[in-house]
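Start from chain A and add chains B, C and D according to the hints.
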Amino acid sequence: MVPEPYYTALSAILFTIGVVGVLVRRNPLVIFMSIELMLNAANLALVAFGHRAGTADAQVLVFFVMTVAAAEVAVGLAIIVAIFRLRRRLSVDELSIMRW
Amino acid sequence: MNHLVFFAVAVVAVVSALGLVLRRNPIHGALFLVVNLGCVAVLYLLLGAEFLALAQVIIYAGAIMVLFVFAIMVLIPGKEETGPDPLRSQRLLALPLGALLLFEIGLILSSSVFVAAPPSRAPAGPAAAGGIQSVGRLLLGDYLFPFEVTSVLLLAALVGVLALAKRKAG
Amino acid sequence: MRFRQRFYLAEVLVGLGVTAAHFFANLGRHTARHVFRSKTARGAVTVQYPEERRPYSPRLRSLHRLVRREDGSPRCVACMMCETVCPARCIYIVAAEHPNPEIEKVPERFDIDLGKCVFCGYCVEACPEDAIRMDTGILEFSSYSRRGMIYSMETLLSLEPAGPDGTPRSPIPIPADRAPSP
Amino acid sequence: MSPVLTDLGIALGRVGFVMLFVLNMGGLLTWVERKQSAVMQDRIGANRASIFGLRLFGLFHPLADAIKMLTKEDFIPARADRALFNLAPLVSVVFALVAFAAIPFGDVLRVGEREIPLQAVTLNAGILYVFAMLSLGVYGVMMAGWASANNYALLGGQRAAALMISAEVAIGASIMGVAMVYGSLDMMTIVRGQGAALLPQYLGTWIPRWGILTQPLAFVLFLTAGIAATKRIPFDFPEGESEIIGYFVEYSGMKFGMFMMADFVETVVIAGMTTALFLGGWQVPHLAADGFHFPWGASVPLSHMTVVILQVLAFCLKVSIMCWFLMLVRWTLPRFRYDQAMRLGWLGLFPLSILNIVLTGLLILGWPA
Numbered sequence: 001m002v003p004e005p006y007y008t009a010l011s012a013i014l015f016t017i018g019v020v021g022v023l024v025r026r027n028p029l030v031i032f033m034s035i036e037l038m039l040n041a042a043n044l045a046l047v048a049f050g051h052r053a054g055t056a057d058a059q060v061l062v063f064f065v066m067t068v069a070a071a072e073v074a075v076g077l078a079i080i081v082a083i084f085r086l087r088r089r090l091s092v093d094e095l096s097i098m099r100w
Numbered sequence: 001m002n003h004l005v006f007f008a009v010a011v012v013a014v015v016s017a018l019g020l021v022l023r024r025n026p027i028h029g030a031l032f033l034v035v036n037l038g039c040v041a042v043l044y045l046l047l048g049a050e051f052l053a054l055a056q057v058i059i060y061a062g063a064i065m066v067l068f069v070f071a072i073m074v075l076i077p078g079k080e081e082t083g084p085d086p087l088r089s090q091r092l093l094a095l096p097l098g099a100l101l102l103f104e105i106g107l108i109l110s111s112s113v114f115v116a117a118p119p120s121r122a123p124a125g126p127a128a129a130g131g132i133q134s135v136g137r138l139l140l141g142d143y144l145f146p147f148e149v150t151s152v153l154l155l156a157a158l159v160g161v162l163a164l165a166k167r168k169a170g
Numbered sequence: 001m002r003f004r005q006r007f008y009l010a011e012v013l014v015g016l017g018v019t020a021a022h023f024f025a026n027l028g029r030h031t032a033r034h035v036f037r038s039k040t041a042r043g044a045v046t047v048q049y050p051e052e053r054r055p056y057s058p059r060l061r062s063l064h065r066l067v068r069r070e071d072g073s074p075r076c077v078a079c080m081m082c083e084t085v086c087p088a089r090c091i092y093i094v095a096a097e098h099p100n101p102e103i104e105k106v107p108e109r110f111d112i113d114l115g116k117c118v119f120c121g122y123c124v125e126a127c128p129e130d131a132i133r134m135d136t137g138i139l140e141f142s143s144y145s146r147r148g149m150i151y152s153m154e155t156l157l158s159l160e161p162a163g164p165d166g167t168p169r170s171p172i173p174i175p176a177d178r179a180p181s182p
Numbered sequence: 001m002s003p004v005l006t007d008l009g010i011a012l013g014r015v016g017f018v019m020l021f022v023l024n025m026g027g028l029l030t031w032v033e034r035k036q037s038a039v040m041q042d043r044i045g046a047n048r049a050s051i052f053g054l055r056l057f058g059l060f061h062p063l064a065d066a067i068k069m070l071t072k073e074d075f076i077p078a079r080a081d082r083a084l085f086n087l088a089p090l091v092s093v094v095f096a097l098v099a100f101a102a103i104p105f106g107d108v109l110r111v112g113e114r115e116i117p118l119q120a121v122t123l124n125a126g127i128l129y130v131f132a133m134l135s136l137g138v139y140g141v142m143m144a145g146w147a148s149a150n151n152y153a154l155l156g157g158q159r160a161a162a163l164m165i166s167a168e169v170a171i172g173a174s175i176m177g178v179a180m181v182y183g184s185l186d187m188m189t190i191v192r193g194q195g196a197a198l199l200p201q202y203l204g205t206w207i208p209r210w211g212i213l214t215q216p217l218a219f220v221l222f223l224t225a226g227i228a229a230t231k232r233i234p235f236d237f238p239e240g241e242s243e244i245i246g247y248f249v250e251y252s253g254m255k256f257g258m259f260m261m262a263d264f265v266e267t268v269v270i271a272g273m274t275t276a277l278f279l280g281g282w283q284v285p286h287l288a289a290d291g292f293h294f295p296w297g298a299s300v301p302l303s304h305m306t307v308v309i310l311q312v313l314a315f316c317l318k319v320s321i322m323c324w325f326l327m328l329v330r331w332t333l334p335r336f337r338y339d340q341a342m343r344l345g346w347l348g349l350f351p352l353s354i355l356n357i358v359l360t361g362l363l364i365l366g367w368p369a
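Protein chains in written order, with our numbering: chain A, 1 to 100; chain B, 1 to 170; chain C, 1 to 182; chain D, 1 to 369.
Treat the hints as calculated values from the structure; they're not laboratory data. Since no wrong hints were added, every one of them can be taken at face value.
Result set (DSBU-like, lysine-lysine): computed pairs, CA atoms no more than 35 Å apart in a straight line:
# : chain 1 : residue 1 : chain 2 : residue 2
1 : C       : K116      : D       : K72
2 : C       : K105      : C       : K116
3 : C       : K116      : D       : K68
Far from chain B, some chain D residues (derived; all Cβ distances over 12 Å):
#  : residue
4  : S2
5  : T6
6  : L20
7  : G27
8  : V32
9  : G53
10 : L59
11 : T71
12 : E73
13 : V111
14 : G112
15 : V220
16 : I245
17 : P295
18 : Q340
Reference excerpt, derived from the structure (chain B facing chain D, CB under 7 Å, subset only):
#  : residue
19 : I27
20 : V57
21 : V66
22 : M73
23 : I132
Note that beta-carbon positions come from the ideal geometry of N, C-alpha and C, so glycine has one too.
Here chain A stands alone, though its shape is the one from the complex (with noise of 0.2 Å):
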């Protein structure tokens, strides 16, 4: 068996490189998908620590997390799709108009 360490320590690398997608990239899609990955990331050290303590709860847990991703996705990319539409380009850092 592969210990639990190993899962996690893969995990925290996942969800850093993540976090560094997100906070680097200017398209919308791709820093969407890095909150994926970041997600991602999440539920395998979930499955990991649930794998150690013997129990199935963890992985009840990452199905509601894939359940909320998958809505959470469709409503992420209509609104990205309406956004588009409204300003014909894609890029975080011209989507200020509501700050402040």
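Same frame as chain A, but now just chains B, C and D:
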């Protein structure tokens, strides 16, 4: 054997995650993310979570990412992020910040809470804990209420998306 | 639409029934033909072309031929009617004096460019001497070059009319560039 | 021989059998497609390819096709995304091929002490696995559409993606009814469950409890959605070679061949899934593990090996019949328009399969056990 699979998959996962962040073309990024999700599904299998692995492939790779690729194809923002970046200095800060975050997570994970020996009650074994039956029992037993609430959430998302998409452009 | 037709599935099943019935009927005929050596059962209306041929209609316009006189010289008098009437301008005639004073002229060259010919048959209609006919029954002529599609007078004179069922009696003229290499 | 090697050999044998079966069926289907359509339409069909004058009813045409495709120019458009362009056909074929792995082609084979389940991969959630692999196939199509740098291809890829999503939703919802009736997501368990008798208190042991009898609505829905998932006529608007051209316009040679191959392999997978879920899989009516037991009292004892061979043969036969049926549909129905197919998928198949789940649940709860 398991170690070998783990390391191979982990390397692919990290490389594909880097590919998502580094590639200019969002389509390539999306496909790298699909690879990454597939890798995580394999890791779920290694952890004995068979149902989650399949759900990961079906929901994430099969549905969510198809939606992403679809959206990217419709918008075709292939020429984005080519102009000069006014916030370049701020963006470069992301790297030290990321390193700091990784260091912090590492500190937390190596703290006593997580390194402590596994709980005294013996793990019931991956087959019992990760099998589709146990997940199903929990999902429709202990977690029935959140399960039902999820359906309301999905409905709300459905209605919201329809409201957003129905609006005519301009 | 009737209710049953609005419910697409029923009509789909009817259609599947038709095609499946065809399938099994033809499969039975093919089996009778190939396994039990039946001579009459035919599962297909296909004509297996190079081996099997349908009889050509007697009115079919096929490769041209030039008709000969009793003495074997061409009946053509090089009047240029066909060359004039040809809409595709594929006929090229060079006239020459005929040794017999009763006959005015004879073609020295009579070339038909079959790469251009549209097989309209006007040349046959226009000919006052009935010297050109399109009844050889030959349809399969081909060449690797445009040059090879130009048929000379000698070739056209050597052709025979098709048999009663439309089968060509003379061999298909093979242009020089298609001749099997030695 | 060491036990590890034996295990490896057995695993290879199981996978190898399935691979051989699927690939050969896929190749054979190119011949069946031509010949069957010809027989249905009073034609003869391809029969010219020959080896030393031996024609064998055109059976050499798949071989000739392969040679032709391998030797054709492999053209890549100048502005294409080369990596994705090359990867796309591979993705299509691979996911179609591995999907068959969870479909059982026989019961347990006992050799000495060993019990070998006749299935390439033993999974607790086999249905979900096949479903997942089928849903991944869409990436090949979308990548092809994107990478070709051709707007027609892009539109074709998008049509394909939309079609496959709507088909998969219907597939997933319709197989849930079957999973409910047989109480498992494991294909082997589902097939075993279909060996029992239907309504034994009324009908005795005459009729086996096949999925097509317990779930007729799900059968129709699954078959329709399955045909849609193979992207073949009547749901072929993603490609529509002759009129609306689709995602593989820019492909030539063997890469084009691989897309065609993926369609045929998907047909085999759908046929195999239909067989396993609705037609009793490898079950032969009245055949138990020790021989035939007919309801009128007669019984024919058979050896274990004979029974296993009969079962595998029955599975192959059923899959062939299903492939024949799918071909029949393909050569009978006209193409749906894009909006018609979407309407059918989301307003027809999906609600009906939900209804099927509800009805099945009510029946299972209300049935006097």
